[in-house]
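K.L.:
Given these sequences and hints, build the entire structure.
Protein chains: 4
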Amino acid sequence: MGGKVCAIIGFGPGLGAAYAEVFKAAGYDLGLLSRSGASLNGAEPTGKTVRTYRCDAGDPDSLKSSLASVQSDLGEIDVVIYNADLAQFGAFEDISELQFEQSWRVGALGLFATAKLLGPQMSERGSGVIIVSGATAALRGNVWTTAFAPSKSAQRTLANSLAKQLGPKGVHVVYLIIDGVIDTEDTRTNFAPNESDDFFIKPIRIAEAALMLAQQDKSAWTFELDIRPFGEKW
Amino acid sequence: MGGKVCAIIGFGPGLGAAYAEVFKAAGYDLGLLSRSGASLNGAEPTGKTVRTYRCDAGDPDSLKSSLASVQSDLGEIDVVIYNADLAQFGAFEDISELQFEQSWRVGALGLFATAKLLGPQMSERGSGVIIVSGATAALRGNVWTTAFAPSKSAQRTLANSLAKQLGPKGVHVVYLIIDGVIDTEDTRTNFAPNESDDFFIKPIRIAEAALMLAQQDKSAWTFELDIRPFGEKW
Amino acid sequence: MGGKVCAIIGFGPGLGAAYAEVFKAAGYDLGLLSRSGASLNGAEPTGKTVRTYRCDAGDPDSLKSSLASVQSDLGEIDVVIYNADLAQFGAFEDISELQFEQSWRVGALGLFATAKLLGPQMSERGSGVIIVSGATAALRGNVWTTAFAPSKSAQRTLANSLAKQLGPKGVHVVYLIIDGVIDTEDTRTNFAPNESDDFFIKPIRIAEAALMLAQQDKSAWTFELDIRPFGEKW
Amino acid sequence: MGGKVCAIIGFGPGLGAAYAEVFKAAGYDLGLLSRSGASLNGAEPTGKTVRTYRCDAGDPDSLKSSLASVQSDLGEIDVVIYNADLAQFGAFEDISELQFEQSWRVGALGLFATAKLLGPQMSERGSGVIIVSGATAALRGNVWTTAFAPSKSAQRTLANSLAKQLGPKGVHVVYLIIDGVIDTEDTRTNFAPNESDDFFIKPIRIAEAALMLAQQDKSAWTFELDIRPFGEKW
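Protein chains in written order, with the numbering used here: chain U, 1 to 234; chain C, 1001 to 1234; chain L, 2001 to 2234; chain Z, 3001 to 3234.
It should be emphasised that the hints constitute simulated quantities derived from the structure, not laboratory data.
None of the hints are false.
Going by beta-carbon spacing under 7 Å, a handful of chain L positions derived as facing chain C:
(1) 2167
(2) 2201
(3) 2202
(4) 2205
(5) 2217
(6) 2218
(7) 2222
(8) 2223
(9) 2225
(10) 2226
(11) 2230
(12) 2231
Simulated restraints, written as ranges between beta carbons of each label pair:
(13) L:2195 to C:1059: 41 to 49 Å
(14) U:97 to L:2075: 56 to 64 Å
(15) U:192 to C:1127: 33 to 41 Å
Just so it is clear, CB atoms sit at the ideal spot from N, CA and C, and this is done for glycine as well.
P.N.:
And the structure:
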């Protein structure tokens, strides 16, 4: 319990794994929270420096209980990355009220619960970082984002509100506007099977940006930055 | 059941009453939905042209049931004004998870339920108007808008998504960015007791703008406009 | 010199003519400024209630001189509509430094000169309206808007700055985000020859919105609204 | 002429010097352009790896001539940092047409001239970085930003347009939204003499962010990020 601790909410293949790889390489102990309780590259789920937790980010009690376990297992959380997302897409006729609510629970309520638990602790210590994996849908609605845009925009203005509350206390809140398709086995297979390498964002590059932001000096903090592949039309 | 019908969700003193007055004067029959079941200026709650309904905008079943009653009592709804709002303000330590959820239910889920019920009907007729009373908090979070900003921004991007889905089918969705304090007995007494008349937005003027927007020709529709008093700092 | 006076900078076929028609019908005397000195529907260019002036909106001296003539001919200007625009499109290799500058002169410098002349007078009277025909390009740059976006965004933030300076003095500044192709003989022939009626914004509808905004009560002013055809993808 | 070359337009005490320090430490040869022709820490102005040039960023011919000299002296420019700015503040009555124009020349026209010269070369090589020192005033106008906001917003949407044109060709355009007062001898003395250290942004931290952005992998480029001190109200 000596190193810095990074908790990743919404660990899984793709971006979650990239965050884990980059922050581990930077010396952080990791608490990995996911619905499935997946571990990192087949590693022991209860290792000394990397531990995995099964939880539902859309359920505040489950989430706060897992974050408390991270703290008792690894120590105080220095960086928390909120990467949970349902990413449900559809026109309003296709989205049920339950789906609409679940999107919001995982996108916004879980971030609120995270802040309720960790915000006061980080404020008291005068340091801490909260990074949120956001999306362009946070800025506007489109035809297929009936559930996704409201969830992401609620998440973004919550992060914005938290940044203004916690910033003066030394806690850095960051919102990443990820604008493009992340390169994962799933997106390569199911979402964009015919696209070339250049079409995708490499998740490791997003994680590197997150690490840089987590290390910014407090005289020059970034709240929001966009990330997209060089050839993206936007 | 011959005239045009306007349903106002979130009827009450202030802006709700102003919408009712302006749309009634323009010849609309009114269905007034509120938590208290309040009526218009002491009028008969089950009149031929103005009827009142008790419902909870944050409960989709209650809301849809009341909207269905409006339709069976007064006829097809031509204009629906979504004016429900909890307006809970506070730092993240002061807002409970329940309050955070209730804000979202009344701000965003209720609008979604409204669209689920009325969107398909309006699309089929090729006409209809959905007007939402929004706020500047929809665009960004601030220190005291931990619950309010996420609720309003979810509402705004949902309205934006609906506008893009329903517009091509002839249904006009409008989002009002109300930027200032509305002149009501409550705000005069409790929120800004020492301010002069110039400080407040007159609710009747917001309602007039809404009526104008409801009457726009479909070659030149407005999705969003801001409204504030002339002396407002912004 | 008894009625209200509206000066239209950038009068011409399409939107300029629509502004003239709508404000004339509302009882305004008109001062019509254009590069060609065109008159309204072949009317006498020096009539008692409608007068035309030849000027270059990108040349502050020319513009201010013409506006002064409007005032000596028709009386104090109550409403000024800034509708001048070069609308030059192209990639950065295709746009010359001269074109880049001309776009800015007509889009932004002319509005500044207008405000320098009329702002103090309107402030002193405690009333007046400045309406600007803007565009979505004011909000972001795109591939073909190397010259147009910088011109329109400069225009928009200038209007925003003026609104905050002049608003508390009773002068209403409005920025119209026109998002779509205006229906004119030119756009029908040259820009979008194969589009149906539904593709275009009817200029008269934009002018009607402008008139409504010019008449807003000062307790509920709009600075910005968007206008687009119902089927527009955005 | 073997190392990478960074040209800094608008070199001077404060942020310009910080860019120079950070990019020099990262191994770049430097071409420093300023109105005064100032050199770096009293160094020889015509050294092998750092050279200084006198030019007016608001004059396209002067600017392009100096950039051409950088290239003949040091080699192809890999990174150009556009840091020129007049930063003139005032209400519209206080700003002359000449000042309004000069602000735009230095803020927007100079960036356009830079892109006209370097854009095609960078496109042909398939690499290059253009970083612009922007400001929050690029997003909206305020009472004192009659000249500054139009200049910065024109600069931002130009950068945005260039990013979309040059990105697919491998050239990375970045816009920094600097939101706060930079710590310099001038701002400490004249602008905010009574503020504590925490009030200011350390220029070296902005330059470090710029370096990180210049090194982003092209699968995950950032166009825009904001930078402000942790205690800033925004």
